[in-house]
Amino acid sequence: MSKTDFLSVVPLFILTSAAILILFSIAVKRDHKVIYVITTVSLAIDFIFLVWYKATATWVIEPLFIFDGFGTFNTGLILLTALAVTMISYAYFEQREERKEEYYILLILATLGAIVLVISKHFVSLFLGLEILSVSLYSMIAYLRKRARSDEAGIKYLILAAFSSAFLLFGMALVYTAVGTMEFSKIASHLSSLEAMPVIVFAGFGLMTVGIGFKLGVVPFHMWAADVYEGAPAPVTAFIATVSKGGMMALLVRFFTAIDGYQYHGLILIFTIIAIASMFIGNFLALRQGNVKRVLAYSSIAHLGYLLVAFLAGGTLGIEAVSFYLVAYFITSTGAFGILATLSDRDRDAELLDDYRGLFWTRPWTATMFTSMLLSLAGIPLTAGFIGKFYLVAAGVREHLWLLVVMLAVNSAIGLYYYIKIIATMMEKNEVERPASNELNPSVYVVSGVTMAILTILLIWIGVHPNGMMVLIHELLALD
Amino acid sequence: MILPVLIIMLMAGGIVAWIGARINTNVSRWISLIALLANFIITFLLWMEQEYLMDLSNSAWLAKYNLPWIPGFGISFNLALDGLSLLMLLLTFLLGMFAVLTSWKEIQYRVGFFHFNLLWVLAGITGVFLTMDLFLFYFFWEVMLIPMYFLIAIWGHENRRYAAYKFFIFTQASGLLMFLAILGLYYIHGNLTGTFTFDYFQLIGTKFSAEAERWLMLGFLAAFIVKLPVVPFHSWLPDAHSEAPTAGSVILAGLLLKTGAYGLLRFIVPLFPGAAHEIAPWAMSLGVFGILYGALLAFSQTDLKRLVAYTSVSHMGFIMLGVFAFNEWATQGVVMQMITHGISTGALFILAGSIYERIHTRDIGQMGGFWKKMPFMGTIGLVFAMASLGLPGLGNFIAEFLTLIGSWKATHKLTILAAVGLVAGTIYSLRIMQRVFYGTQENTHQLSDLSFREKLILVPLVLIIVWLGLYPQPILDTVRPSLDPIQANHSTTVVPDNLYVDIMKGDTYE
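So the protein sequences, as listed, match chains A and B.
Position 471, counted from 1, in the first sequence is what the working numbering calls 660; the numbers after and before it change by one each time, with no gaps.
Position 64, counted from 1, in the second sequence is what the working numbering calls 134; the numbers after and before it change by one each time, with no gaps.
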């Protein structure tokens, strides 16, 4: 192992050692605060290392990993999001289960899995990453064992995720039989030597699409989304919405670009249908929900549909657009679920619309932050979501994907309705004075509050001054 | 440098007013008033110096400001002021001040947040009138929406939520279509010339295929005719206007609708001359239909604010008629209409608001005989009802007269129908007077005549509308330099196209 090899995988080492360190620490003494600090520090150090190391060229560890600009960017994004999720987890779990420490191990392992996913260039590392991520998520979703719905969500996710992994695996096997290699670039070179795509490879890609589509939660593989979002603890939901989906999206972009999927009209057609169906079905189902978590679940289906527009546009601009939108979407989703977590009490999450009635007048700052998150999801100016949507549309229009772009516009308008509904509920006059929850020392919430404030500021900063982020993405992606 | 100050002043003023309300609600009212007054004075001084500034820049532009914003996409913070923008800004700040004054007593709930929203709507409108970068234009176009939504949804009347939703979704959806068209324009221009930019001055004169031009023009048109609004895209307007608080109605009718008209003049006509000519007969027909339809519905309303809202639909029809007649008479009529309608309808909404404050209903059936107890208000109501029906001597007459002269050159039949609309205007305006101020008073409302504050709002509006009716020349002079390029672009186009002749059967297009 060369020095560069070693330095490249240090981010993975840090995470694995952090997980082991937490295990030992729990063996010595259970202390939520200590574990929390270890997690935070290791994630932060990991990110700092990534920035400090600043890889100047693409580095490959054969045959599994590739460390390029795209991978580094997504690794950084995942680490920061995991950090934000950790921040909001503390206050949330402090008032719940007695055994909260193992959660952090799972969180770190899931982060590790997502990172492996975004730097993999081989079916084996892909599957390895995916399973590390999924297995951790199984237990994270069902972590609050006393809640029936949490268990239900965990089991649902377990069964469906196992199913989808099987599909993915079978698809990989089919591709392997035809092509004889599991490395993305070799599959690509083998395919390009052929006249047309063999049926068996196409079937393999089709089955893999099922597996990937499930993780992304796009229509028609979206059935799990609402129940899991609703049942999982709010910070875990934030994690699923962002890291899990984002990691898979990054992998999809890498794989599709590597095999140059844009030349296969069959694949393009499939993804176009998935994109349009996700936008419409996601938005229509969201319109009908009265539960904020479910609204966000369906809206995230629609958002993945929007993302697919830029993905289908492809090219440098398309990938830049996907990356930028992921940033905006990560900030917004983490923020929205973070606020949901801070509003939750011991027994249940604040997920009903009623929990938000009059919030503007009782907790103006929280409501303002939540409003800006929702407006960003709706793509309203002065927020990162607006620039993100601009990027997506720009990528689509450039490649003349008029159908998809018009669908995106139409759906943005539909989506507005349910975002505004939540905002309008927050502004209603609050007739009933709800007793303030005095279960916890308010200082516990300071960390969550500060995290939310930072996310909100980031959101507006990127919305007003997107150039810095654009240049960063552009430079990282141009790295070779 | 002066242009961004106008926007920043309002945005900063909004934030300060929000915070200031913690000390005392009047603090936030005064801050809003002062910020708007300062802007008004700055703009007024610019107006006085127009000749000098135009000589200085040797063009129709009085001032420009450009700062790169997202250079990667060729987006810049690009502002420019010409006669047209200047007049719109004067109107914006003037009505803005009156909106603050009119809410002085009406709004007692969350005063700070109210003024924050008020100033941010006005900041968005100011941006729309100033920006010369299409991305930024869309940006400000959207910035107007959220605070306006809040104004309706928090401080509106009974059915405010529905009205706010409808307003928001209509305008947002149509705005997105415009956004797609903006991007289409951006790429077509970029692929042709190699410079990817959203700069208005560079995009003007882009050559398209006829089909591309048609689609892009329709994208822009969608946003503007929803905002204007043109029948059949008007259905958000009566709800939003009648449910909004008085200040909200004043801003909606006086300013927000004008952004649609401004967009037609500033973007549709110069950017897509060919497609604009193609659609002209349809657009003018819709305009005339709107004049008649709006007047008819106005006549049948029982809700005073809804009635005034429908008169807006009717009056905005003249703008469609004028813009697409493509000649100087009509275009000047359109600009006059934008200003005079802003003032007269704004005043009518303020009157409706002050009546509502006194009797807590907007139902015309419960009014009547108010003249006896409130002669001053009655007199002012009479002035604006007369303005609304286009009585000579008041500003609206000049506007509609110019528009009709201009459109007569383009089409006789439609002009005749539009003139019939003026008669309909007479009917609904007189109905307002008869049902509200004349007749016998059947109920025992406690009525007091206008207070000093209300007089402070309405008397200047009367003076302005009379001034515009008697001596509109300064306005016409101010706006002429910015209309010249629009005309120049069009005199060269060969106008009488077959489509038009087919539809209008025999009318000639000069």
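It should be emphasised that the hints constitute simulated quantities derived from the structure, not laboratory data.
Each residue gets a CB set at the ideal place from its N, CA and C atoms; glycine is no exception.
Just so you know, not all the hints are guaranteed correct.
[Said to hold, decoys possible] Pairwise CB distance ranges, derived in the manner of DEER restraints:
id: 1; chain 1: B; residue 1: Leu366; chain 2: A; residue 2: Leu661; range: 35 to 45 Å
id: 2; chain 1: B; residue 1: Asn229; chain 2: A; residue 2: Trp550; range: 14 to 24 Å
id: 3; chain 1: A; residue 1: Asp543; chain 2: B; residue 2: Pro462; range: 50 to 60 Å
id: 4; chain 1: B; residue 1: Lys134; chain 2: A; residue 2: Leu317; range: 34 to 44 Å
id: 5; chain 1: A; residue 1: Val635; chain 2: B; residue 2: Ala82; range: 24 to 34 Å
id: 6; chain 1: B; residue 1: Ala82; chain 2: A; residue 2: Val633; range: 31 to 41 Å
id: 7; chain 1: A; residue 1: Asp543; chain 2: B; residue 2: Leu107; range: 27 to 37 Å
id: 8; chain 1: A; residue 1: Val639; chain 2: B; residue 2: Ala82; range: 24 to 34 Å
id: 9; chain 1: A; residue 1: Ser382; chain 2: B; residue 2: Tyr257; range: 31 to 41 Å
id: 10; chain 1: B; residue 1: Tyr232; chain 2: A; residue 2: His589; range: 31 to 41 Å
id: 11; chain 1: B; residue 1: Gln511; chain 2: A; residue 2: Tyr606; range: 37 to 47 Å
Hint check results:
no. : hint                            : result
1   : B:Leu366 - A:Leu661: 35 to 45 Å : violated, 58 Å
2   : B:Asn229 - A:Trp550: 14 to 24 Å : holds, 21 Å
3   : A:Asp543 - B:Pro462: 50 to 60 Å : holds, 59 Å
4   : B:Lys134 - A:Leu317: 34 to 44 Å : violated, 58 Å
5   : A:Val635 - B:Ala82: 24 to 34 Å  : holds, 29 Å
6   : B:Ala82 - A:Val633: 31 to 41 Å  : holds, 36 Å
7   : A:Asp543 - B:Leu107: 27 to 37 Å : violated, 44 Å
8   : A:Val639 - B:Ala82: 24 to 34 Å  : holds, 26 Å
9   : A:Ser382 - B:Tyr257: 31 to 41 Å : holds, 35 Å
10  : B:Tyr232 - A:His589: 31 to 41 Å : holds, 38 Å
11  : B:Gln511 - A:Tyr606: 37 to 47 Å : holds, 44 Å
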